[in-house]
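**Q** So you can see what is in the structure, the chains are spelled out below.
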Amino acid sequence: MAKRVLAIAGIVLFLSMAVQLVPAQEDGTDLNSLFNEEVVTPSSTPDQTAPGSSSGATGQGTTTAASNPLQGLLKTEAVRIGGSVTGTVGISGTWNDPWTKGIDITAPDAQQLSPALSSLVYFDARPDEEFRVHGSVKTDWPFSSTYSVLSSASLTGSTLSTTSTSITVPDVRVFELFSDFQLGDKVYFRFGKATVKWGVGYFFSPADIINLQPIDINDPTAQREGPLQFRVLMPFGPSQNTVSFYTIFDASNPDFSTTALAGKAEFVLGRYELGLGGYYRDDTAERAALTLTGPLGKFDIFAEGVVSRGSPKTFYSFSTSAPYYSISQPKDHRTTLYPSATAGFLYNDQDNNITAVAQYYYNGEGYADSEKSSSIAVLNTLLSTPLSAATKTTLTGLSKLFAYGSGRHYAAASLSFSEIGGSDFSASLLGLANFSDLSGLVQPSVSWQIADRLKLTGSVLFFFGASDTEYGILRPNSPMTLSVSLSAGTGNF
Amino acid sequence: MNVFFRKRNPKSIRAFSLVVMVLAGFLAGVPAVVAQAKPDPTALLKELDQLSDFSGKDFSAVFTIVTQKPGEKDSVTQARIFRRDTKKQFLILILLPEVNKGQGYLREEDNVWFYDPTSRKFSHSSVKENLQNTKAKNSDFTLSSFAEDYEVTSMTEGTLGKFPVWILDMKAKTNEVSYERVVLYIRKDRTMLLKREDYSVNGRLMRTTAYPKYVELDGKLLPSQILILDEINKGEKSQITMAEQSVAPLPDKVFTKAFLEQVSR
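Read top to bottom, the protein sequences are chains A and B. 3 is the number of the first residue of the first sequence in this note's numbering; add one for each residue after it. 867 is the number of the first residue of the second sequence in this note's numbering; add one for each residue after it.
Simulated from the structure, these hints should not be mistaken for laboratory data. The structure presented is a predicted model; accordingly, all values stated were derived computationally and were not measured.
Here are the computed lysine-lysine pairs in the PhoX-like style, where the Cα-Cα straight-line distance is at most 25 Å:
1) A/Lys77 to B/Lys1119
2) B/Lys1086 to B/Lys954
3) B/Lys967 to A/Lys457
4) A/Lys140 to B/Lys967
5) B/Lys935 to B/Lys994
6) B/Lys994 to B/Lys1037
7) B/Lys912 to B/Lys953
8) B/Lys912 to B/Lys1039
9) A/Lys199 to B/Lys1119
10) A/Lys300 to B/Lys994
11) B/Lys954 to A/Lys188
12) A/Lys199 to A/Lys140
13) B/Lys1079 to B/Lys1028
14) A/Lys300 to B/Lys1037
15) A/Lys457 to B/Lys939
The task is simple: from the sequences and hints, build the whole structure.
**A** Here it is as structure tokens:
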């Protein structure tokens, strides 16, 4: 009897031990075996000397460390060079009127092969702990542009004779070039051409007043080109509060009237960050901006509010009498007030590789519905009357400039799943809508990471909206574009 | 009859001596047993938190994280970490991989910002988020605050390798922590964390972390090797090693956005 009890107990013990061992065996890691010897490495004298003195760095687990942990971060002996390269080969087919004419998948109305290669190369030099120079250049294939320029002109009687010549210019643009220097730890200076991050919006950012490029909705996080500026930044109060002042120079016409002055203060209030900015440029506008970011539950929220007196935007109006259109100058609306605002959220679930962003935008520089409707009616009348082809071409071109950003209420959203189910596939959905006229675009896409630096993406781009709406004018008849793009060799170096 | 003065044979004397010695040994062992008696769990957690608390000093180190995923080649992430526990501040600067070099995380109190030098943008982050593409979370590099964040629901004894351990099952008191339930395996003879298990709200084991190597620094104990097993995606794990640890004082500017921008590429 006792033997039987012992045997049963032994079996139970064995099974319970086996069950406990399964998780460790599944991934080949027996955690118990990590603790069969002493875990504490004998101590040695720690380094407590202040930054400035030097000693050698040490390896893993050692306790005498480099005297100055900042060494190598603020001052480097060598100039660092790096950058990124982007290579894609895209093929696309567009069906101009798929909803009435249908889709013949083998016969798109237009097809395109679009190979692209671009690169950004930067250098970063830190000859001194308080002096840094950073610059970057961009180039795109075919790395040069050819222009036809007038080489000579002569007037014989009433006949003008001209000769032109072609010149080829390398397509290399300075994207950034600036230096950072400082007065102690209190005042930080930057002079040069650099990106300025003022706004907090994701798809729309009316408070992003200074940068020269707008946000690309297809690549909202891309670095954007900034102007030549002199920035003075000073931390104050608690460590994350800053105030910064900018003098911003105009590249095409540097003058007192085209030079902007701006200032911004940023405060951390609990879990939220508040920014207050002001901007003045004599020939275009004064602007006041308020930004707010912070968490709300599992969401990161962001909001901006801007009031602008005057605007650099060009406004268009149309009439049935020649010259049929007028194009505004900044001085025409120098004292008009334009309030704009935006708010949105970002949700990121790292465990499930899901990212969602949604944003609403009130565009104070958009046209009022009545003004927009009457302009479109006039345009349609003009385009249906027997005007010269050149005039109609001009009017068609202006209609697109008029339509772009003409609404007052916009929303955009994106939802992306990466590495779905642990696979190499990702999917995303992007949408943009002008709620003033109910037009917009939707783009679902699927990507397959074939290998490192080799990714295949398929997407479909749908436009929607009636003929008198923003996207109805920009992309008539709600076309559909099917694209397949191979990203090859894209990466940083 | 006086039993004490009764003459005894040598065998009885030897037996008596043995009993006395055993009793004496037992009595001498009482303090040791008392010392091994269940300590107050909250006090134990506080002691654990204080092990790596560098309040009043600054701490910095370089962490190398090797992450393994089945079917993929190992990825290496290296980060330099600066900590000022007095102000609940840290700055994590990514050194490797090259593609993410210059990215950084800045913490002050309950705020965590992530900086991306490509877009020049700061965005809000959290200590709950993973550090880059590793199995480590930002909270793994902060001063632990188990006593403040969790309440102990049970305390049992066990063994891990050759070490007797206290096993503390804990439930979160706040939603600011990465995991709702945590089980700690704390070495008995010298307080230090050897292993932890992190569970989700629905009780699912999410990850297991082992601390097989410690180093002493300025009277504190720091894990110099950490192994994190992803229990959801079996076979995925990160091994963290620490080097160049220092308690040299750091300038205040280190824990600012301006500094993070300055030292990123």
